[in-house]
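Here the protein sequences line up with chains U and H, keeping their order. Each residue of the first sequence is one higher than the one before, counting from 1 in my numbering. Each residue of the second sequence is one higher than the one before, counting from 248 in my numbering.
Keep in mind that a hint or two might mislead.
[Said to hold, decoys possible] To spell it out: a stretch of chain U is covered by chain H in this simulated footprint if at least three of its residues, at any positions, have a beta carbon under 8 Å from a beta carbon of chain H; those stretches are:
hint, segment
1, 3 to 12
2, 84 to 98
3, 159 to 167
4, 205 to 211
5, 230 to 241
Everything labelled a hint here was simulated from the structure, so no lab data went into it. Keep in mind that this is a model prediction, so the values were computed, not measured. Note that the Cβ used here is the ideal one computed from N, Cα and C, for glycine as well.
Number of protein chains: 2
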Amino acid sequence: MTGELRVIPLHGLPELEEDDDLARLIVEAASAVGGLAEEDVLVVAQKAVSKVEGRVVHLAGVEVSERARELAGDADPRRIEVILAEAREVVRARSPLVIAETRHGFVCASAGVDASNAKGPDTLVLLPVDPDASAAALRTRIGELSGVDVGVIVSDSFGRAWRLGTTDVALGVAGTPAILDLDGQLDSVGYELHATQIAVADEIAGAAQLVMGKTDGIPAAIVRGLRLEGEGSGSDLVMPLERDLFR
Amino acid sequence: MTGELRVIPLHGLPELEEDDDLARLIVEAASAVGGLAEEDVLVVAQKAVSKVEGRVVHLAGVEVSERARELAGDADPRRIEVILAEAREVVRARSPLVIAETRHGFVCASAGVDASNAKGPDTLVLLPVDPDASAAALRTRIGELSGVDVGVIVSDSFGRAWRLGTTDVALGVAGTPAILDLDGQLDSVGYELHATQIAVADEIAGAAQLVMGKTDGIPAAIVRGLRLEGEGSGSDLVMPLERDLFR
Numbered sequence: 001m002t003g004e005l006r007v008i009p010l011h012g013l014p015e016l017e018e019d020d021d022l023a024r025l026i027v028e029a030a031s032a033v034g035g036l037a038e039e040d041v042l043v044v045a046q047k048a049v050s051k052v053e054g055r056v057v058h059l060a061g062v063e064v065s066e067r068a069r070e071l072a073g074d075a076d077p078r079r080i081e082v083i084l085a086e087a088r089e090v091v092r093a094r095s096p097l098v099i100a101e102t103r104h105g106f107v108c109a110s111a112g113v114d115a116s117n118a119k120g121p122d123t124l125v126l127l128p129v130d131p132d133a134s135a136a137a138l139r140t141r142i143g144e145l146s147g148v149d150v151g152v153i154v155s156d157s158f159g160r161a162w163r164l165g166t167t168d169v170a171l172g173v174a175g176t177p178a179i180l181d182l183d184g185q186l187d188s189v190g191y192e193l194h195a196t197q198i199a200v201a202d203e204i205a206g207a208a209q210l211v212m213g214k215t216d217g218i219p220a221a222i223v224r225g226l227r228l229e230g231e232g233s234g235s236d237l238v239m240p241l242e243r244d245l246f247r
Numbered sequence: 248m249t250g251e252l253r254v255i256p257l258h259g260l261p262e263l264e265e266d267d268d269l270a271r272l273i274v275e276a277a278s279a280v281g282g283l284a285e286e287d288v289l290v291v292a293q294k295a296v297s298k299v300e301g302r303v304v305h306l307a308g309v310e311v312s313e314r315a316r317e318l319a320g321d322a323d324p325r326r327i328e329v330i331l332a333e334a335r336e337v338v339r340a341r342s343p344l345v346i347a348e349t350r351h352g353f354v355c356a357s358a359g360v361d362a363s364n365a366k367g368p369d370t371l372v373l374l375p376v377d378p379d380a381s382a383a384a385l386r387t388r389i390g391e392l393s394g395v396d397v398g399v400i401v402s403d404s405f406g407r408a409w410r411l412g413t414t415d416v417a418l419g420v421a422g423t424p425a426i427l428d429l430d431g432q433l434d435s436v437g438y439e440l441h442a443t444q445i446a447v448a449d450e451i452a453g454a455a456q457l458v459m460g461k462t463d464g465i466p467a468a469i470v471r472g473l474r475l476e477g478e479g480s481g482s483d484l485v486m487p488l489e490r491d492l493f494r
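Start from the sequences and build out the full structure, keeping to the hints where you can.
What follows is the structure in structure tokens.
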């Protein structure tokens, strides 16, 4: 029987700098709310991870290409240049909006490049190079520090086609499934569910966003009470090109 | 300071029939977990709402058009016919998959028409005619029965472009905001956030899905601890056509 889920924000983390021990800061913040527990899933904002990984670019040093200038319109072409450098492919562009596929395969605004919440108006934060590796490293380090084996999700806010507003989704996943596959399971009245795949890691990331907010400076939350088995990755959530009806 | 969020599944509801008093069944199920409280948001699965509203179609009586036969391929053309009747526009079709815009403006698989969990293999469940009205009616009736003013979200599982798996989203909303608009608010280091709109109602629906499951027959969950102000609607979450880069 499914029980109750708790989503617990972790307050009090400092403004993050490159090479900060984010796992230690999280374990310390978690101790204020009773500590981490086995089977917890820890959701960490991508921006926090990117900052400690040094994925920060200063606009001052950026040289602008002709293509960036064309796409920029009235926007800062240096920002567009940084986006293009992060993109495998531009999916749609309507100045100053650029929807791009990142090298990871994520399709999102600005190839995940973000200015808000950064260290200043002339500083951009990029996605982690390998969000699954970021999640796995946090999981390992948290295990070392606390002795507790948690799942970790590195989350970011993505827009969606056809729907307004962003929801947080999982870019990196470790120690918890990304997709719950109900292929062939029976529903409550005994009929087979066909090919139902639930993006649980995205729903967990979205649930955490509800307590992390956007202006509160809360970079992490604990999701407790899930009973999910297995392990997935952020790439499990990327639609394979051959099944993609929208590219 | 943001507090903890709780997501509480409501167990023990019976298999639903047309004209059942769903609000009463929910209030009774909630009493087993301590009852509803002010500021709770109640998430109710669309299928539960559709069943009590009689939005059920039997395949036996469906006459098939030429277009449905063409789109169906190897699938049951009667099912495609029902989908076409619910659709304002077919956005993509690759037999047997039909992505359509519903009359509400939602873009989703099969125009929201669903077979699983229905009353039999030859029965389809359609989306409510007006999910916002369904949410508002549940809210009013729950207020009458319990004296508690809750928010209500009618949820459904939608696929997404570019990402694998479904997440639950809000089709109908009453007494709680759909979008949290951070236009012009300052982030934690004092920089203005530009045009950040968070689809909180979709994230709440997704959080509820994590406890409602797909095979458990749990048609509703309480989300407690949100501190959201304002009221929205499901149509707030539909991307206006003029801003839509993907149609």
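Evaluated hints:
no.: 1; hint: 3 to 12; in the structure: holds (count 8)
no.: 2; hint: 84 to 98; in the structure: holds (count 3)
no.: 3; hint: 159 to 167; in the structure: holds (count 8)
no.: 4; hint: 205 to 211; in the structure: holds (count 5)
no.: 5; hint: 230 to 241; in the structure: holds (count 5)
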